[in-house]
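**Q** Add chain H to chain Z, keeping to what the hints say.
These protein sequence lines are chains Z and H, in that order.
By the working numbering, the letter at position 48 of the first sequence is numbered 48, and the numbering carries on one by one without gaps.
Going from the second sequence to the working numbering is simple: count from 1 and add 275.
Because the hints were derived from the structure by calculation, they are not lab data.
All of these numbers come straight from a predicted model, not from anything done at the bench.
Glycine included, every Cβ here is placed at the ideal spot set by N, Cα and C.
Hints should not be assumed to be uniformly reliable.
[As the list claims (entries may be wrong)] Pair ranges (Cβ atoms, derived): (1) H:GLU521 - Z:LYS47: 33 to 43 Å; (2) Z:GLU85 - H:ARG324: 18 to 28 Å; (3) H:ALA323 - Z:GLY275: 30 to 40 Å; (4) Z:ARG167 - H:ALA527: 25 to 35 Å; (5) Z:ASP259 - H:ALA313: 19 to 29 Å; (6) Z:GLU78 - H:ALA519: 49 to 59 Å; (7) Z:ASP259 - H:SER444: 46 to 56 Å; (8) Z:ALA63 - H:SER444: 53 to 63 Å; (9) Z:ARG167 - H:LEU282: 50 to 60 Å; (10) Z:ALA82 - H:LEU316: 29 to 39 Å; (11) H:LYS533 - Z:ASP259: 21 to 31 Å; (12) H:TYR400 - Z:LYS47: 22 to 32 Å.
[What the hints assert, rightly or not] Okay, the calculated bits of chain Z under chain H, using three or more residues with CB under 8 Å as the criterion: (13) 43-56; (14) 200-211; (15) 240-247.
[To be verified] A partial selection of chain H residues facing chain Z, derived with a Cβ cut-off under 8 Å: (16) TYR326; (17) ALA327; (18) LYS332; (19) PRO398; (20) TYR421; (21) GLY425; (22) THR476; (23) PHE478; (24) TYR512; (25) PRO517; (26) TYR524.
The chain contents come next:
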Amino acid sequence: MPVPSISCKTDRWLDEALDALRYQGFAVVEDVLSPAFCDRARTALYKARDGIYAELGEDRLRAAGELGTLRLPLRYDETFFAFLEVPEVLALIDATVGPTAILHLMNGFILPSLERTATPTTYQNSFHRDFPRYMQGYLASINTLFAVDTFTAENGATLAVPATHQRDERPSEEYLNNNVVPVEAPQGSMLVFDSTLWHSAGRNNSGRDRAALNMQFTRSFFKQQIDYVRALGDSVIESLPERSKQLLGWYTRVVTSLDEFYQPADRRMYRGGQG
Amino acid sequence: MIDTDSLMLARVSYEIETLGFSVVNGVVSAAECAALRAALLEALDDDARRYAGLPGKKVELVNNLAIYGGPFLALMGNSTMRTIFAHFLTPACILYNFSSTVLYPQAKSDVQNIHVDSPRVIPGYHDGLIMTLALDDFNDANGATYYLPGSQNSATPPDAATFDRFALSVARPAGAAVFFNPRCFHRGGHNQTERVRCGLTVFSVRPFMKQRFDFPRMIDPETAAQLPAATRAFLGYDARTPSAMEEFYVDAERRLYKAGQE
Chain Z
1 MPVPSISCKT
11 DRWLDEALDA
21 LRYQGFAVVE
31 DVLSPAFCDR
41 ARTALYKARD
51 GIYAELGEDR
61 LRAAGELGTL
71 RLPLRYDETF
81 FAFLEVPEVL
91 ALIDATVGPT
101 AILHLMNGFI
111 LPSLERTATP
121 TTYQNSFHRD
131 FPRYMQGYLA
141 SINTLFAVDT
151 FTAENGATLA
161 VPATHQRDER
171 PSEEYLNNNV
181 VPVEAPQGSM
191 LVFDSTLWHS
201 AGRNNSGRDR
211 AALNMQFTRS
221 FFKQQIDYVR
231 ALGDSVIESL
241 PERSKQLLGW
251 YTRVVTSLDE
261 FYQPADRRMY
271 RGGQG
Chain H
276 MIDTDSLMLA
286 RVSYEIETLG
296 FSVVNGVVSA
306 AECAALRAAL
316 LEALDDDARR
326 YAGLPGKKVE
336 LVNNLAIYGG
346 PFLALMGNST
356 MRTIFAHFLT
366 PACILYNFSS
376 TVLYPQAKSD
386 VQNIHVDSPR
396 VIPGYHDGLI
406 MTLALDDFND
416 ANGATYYLPG
426 SQNSATPPDA
436 ATFDRFALSV
446 ARPAGAAVFF
456 NPRCFHRGGH
466 NQTERVRCGL
476 TVFSVRPFMK
486 QRFDFPRMID
496 PETAAQLPAA
506 TRAFLGYDAR
516 TPSAMEEFYV
526 DAERRLYKAG
536 QE
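Okay, chain H solo, but in the shape it has when bound:
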């Protein structure tokens, strides 16, 4: 019998090492996709109401979807995503950032400039991995992202002409995801349709690295208590930093930074 998970992982691993990115179909089901899309549109509205006008707030960007609970927290336990993250970052990997990837029709955005998602160059070592999940079909018309194959090993950005010559548009159906090295140069496309295009981005890092948000302090404790242990671990509950001696000198079970985290 062929182990399809192993074959998938081997292909993804090879493509991320060489190209810097890899597409995986069917990461979430059609029903999950619909639930996530509906929840994302609500979160966009809610976030805009709460934070409109604050420095750095962008209408298309919801930072920290984990606090919106529901299907977003359920996604944190997605087995395909977690398997791929674990392969590159160890099973103890944690969430760094969880945000929207939304393009409104005809909208301009900073992500349409050539960029990387991590400033650090650590040759031969994966300190992070990103998944961008398509909640709509991503295609050239609605702004599928362009990635420059092999650019993850470069410390300096390519010029625009080189990028445009060699970059690939990563079209994919709803429910599919692109996994990519945060150092792979990419830029968003332009949505020339009449419909908002929705996606989600999950950025994972090693457990000893700081998160962009202190998820354990931000997620409602009652909600957190109901989460599966593996989801809590991914959110960073097993890799917290003590802030007092009382928190440091506790038995193994109550440690904020659990043993075996790498």
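Only chain Z is shown next, with the shape it has when bound in the complex:
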């Protein structure tokens, strides 16, 4: 099955991406990031990796069974905030999970190249859904995964199983294995997928690291994977554009006291109209 790919330079890219998202569960939108921005993002990913290793230690990350996953990169380099302002990302959010949506997670990936037999089995490279529940077809969550480096079958392109989104049952292992496709994409592309799509990370045997950045957005009433407002601090959030504040959860904070609760409308932590 061909991977649905559209350039964001075309007029109908959003409609076509939404159609593919609806029927195939995913689409590749090309030409979203410039090569210069990808270079900057790659540098930022390595900086985040160094920062995380220094803070937590490689052993602790290894014990968590993760391979090249960089959580909370926003803490380590401001480049990552720019991903929250990419117009194509915002257009997709508006057309799917709505303008009050929030960031559920932002993870960087530096997928190391390993011998085929040396790559450990992890949660990420096993078939899974990023939003592991079925809400009767209600679109609650989408992902945008950026190819900071070109995605190829050899360097661990994401493996997607078309049209397995929005289903209550897990497809059989045989079905998943027989129908999976590597989502190859040029550098700067954005793989958008319904978070209920069955997929897995690929395995990198290319001889070089492969860099990527994943963001998941949900309706505003779902919990985030990490409380970004607390993790980054009020002063950081308040310095950001309004839309970034919205995405990071500033307007859907859960109160921790009744003094925080009894506030005028414009100072409420969970604002009206957020859903």
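**A** Chain H alone, transformed into the frame defined by chain Z:
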């Protein structure tokens, strides 16, 4: 032998799916009811003293009764309530909100307008369920709530004439509760008696949804430590969001968001 719990659950399930609401008698005993009523009247006074004059504070409404402890926290472990919530929202469901449902004699209140308790329409999926427990007999004279049967599937509100024609007043004795879909259109009645009418409302949601109050940060830690594990889980202690990497990368036992929460 007839399994009365299963029969009750089957009836409640059927009525909530069709009517949008269902009444269950004897959710709490007479003694529990009396203790809750006395504690509620104290909480109303205390809350009024602490928060009078703040934006949104209403004299008849105590938000977050969980922080008042005692019989309110004991109610969080009520087996009938938890069984019904679990049926619709999975056993990992959590508390979204816990507030008073009080009508003072002759009082006017926003809840007397036709409304729903959730802005979200997700057809065929239960993202929340509410229990309103009567601590006094609820009847037409003291303002029993009116519910519009079948309205939980409608995205738009009914006009007042339609509501008045088809809505049912859900009278019930003290200790009984109405369980209802938050999307079922309803409105409070009017208390034309001389006595305050008391009730409690417990709103439960799926564990991956935000709570209205951050109960684990609000409940006194010493009190929380004494609570049964199932009550802590219902209050959201097993479905907390990490706010730092240090909290994220911990062993399974110390995770803030425990595995198996749905």
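**Q** Determine for every hint whether it applies to the structure shown.
**A** Consistency of the hints with the structure:
Our hint of 33 to 43 Å for GLU521 of chain H and LYS47 of chain Z is violated, since their Cβ atoms are close to 20 Å apart. Between GLU85 of chain Z and ARG324 of chain H the CB atoms are about 47 Å apart, so this pair departs from the stated range of 18 to 28 Å. About 31 Å separates the C-beta atoms of ALA323 of chain H and GLY275 of chain Z, a value consistent with the hinted range of 30 to 40 Å. For the pair ARG167 of chain Z and ALA527 of chain H, the beta carbons lie near 28 Å from each other, so the given range of 25 to 35 Å is met.
Separated by about 26 Å at the C-beta atoms, ASP259 of chain Z and ALA313 of chain H satisfy the suggested range of 19 to 29 Å. A C-beta distance of roughly 19 Å is found between GLU78 of chain Z and ALA519 of chain H, which places it outside the suggested range of 49 to 59 Å. At roughly 37 Å, the beta-carbon separation of ASP259 of chain Z and SER444 of chain H lies outside the given 46 to 56 Å, and the hint is violated. Checked against the given bound of 53 to 63 Å, the beta carbons of ALA63 of chain Z and SER444 of chain H, roughly 59 Å apart, stay inside it.
Range check, ARG167 of chain Z to LEU282 of chain H: about 33 Å between beta-carbon atoms, so the 50 to 60 Å window is missed. Take ALA82 of chain Z and LEU316 of chain H: their Cβ atoms lie about 55 Å apart, and the range 29 to 39 Å is violated. For LYS533 of chain H and ASP259 of chain Z, the hinted distance range of 21 to 31 Å is satisfied, since their beta carbons lie about 30 Å from each other. At about 42 Å, the beta-carbon gap between TYR400 of chain H and LYS47 of chain Z misses the expected band of 22 to 32 Å.
Beta-carbon proximity to chain H at under 8 Å applies to 3 residues in the region 43-56 of chain Z; the threshold of 3 is reached and the given coverage holds. For the region 200-211 of chain Z, the proposed coverage by chain H is not satisfied: 0 residues have a C-beta within less than 8 Å of a C-beta in that chain, short of the threshold of three. With a cut-off of 8 Å between beta carbons, the region 240-247 of chain Z has 0 residues touching chain H; three or more are needed, and the interface restraint is violated. Look at TYR326 of chain H: its Cβ gets to within about 6 Å of chain Z, closer than 8 Å, so that hint holds up.
This hint is violated: ALA327 of chain H has a C-beta 10 Å from the nearest C-beta of chain Z, more than the 8 Å allowed. Because the beta carbon of LYS332 of chain H sits about 5 Å from the nearest beta carbon in chain Z, less than 8 Å, this interface hint is met. Taking 8 Å as the C-beta cut-off, the interface hint given for PRO398 of chain H holds, the closest approach to chain Z being about 6 Å. Violation of the interface hint for TYR421 of chain H is found here, the shortest Cβ-Cβ separation to chain Z being roughly 25 Å, above the 8 Å cut-off.
Of the supplied interface hints, the one on GLY425 of chain H is violated, with its beta-carbon coming no nearer than about 18 Å to a beta-carbon of chain Z, more than 8 Å. Restraint check, THR476 of chain H versus chain Z: the minimum CB separation of about 16 Å is more than 8 Å; hint violated. Hint on PHE478 of chain H is violated. Least Cβ distance to chain Z is approximately 13 Å, over the 8 Å limit. A hinted interface residue such as TYR512 of chain H counts as satisfied when its beta carbon comes closer than 8 Å to some beta carbon of chain Z; here the least separation is about 14 Å, so the hint is violated.
A cut of 8 Å between beta carbons decides the hint on PRO517 of chain H: the least distance to chain Z is about 6 Å, and the hint holds. Proximity of TYR524 of chain H to chain Z holds as hinted, the smallest CB-CB distance being about 5 Å (cut-off 8 Å).
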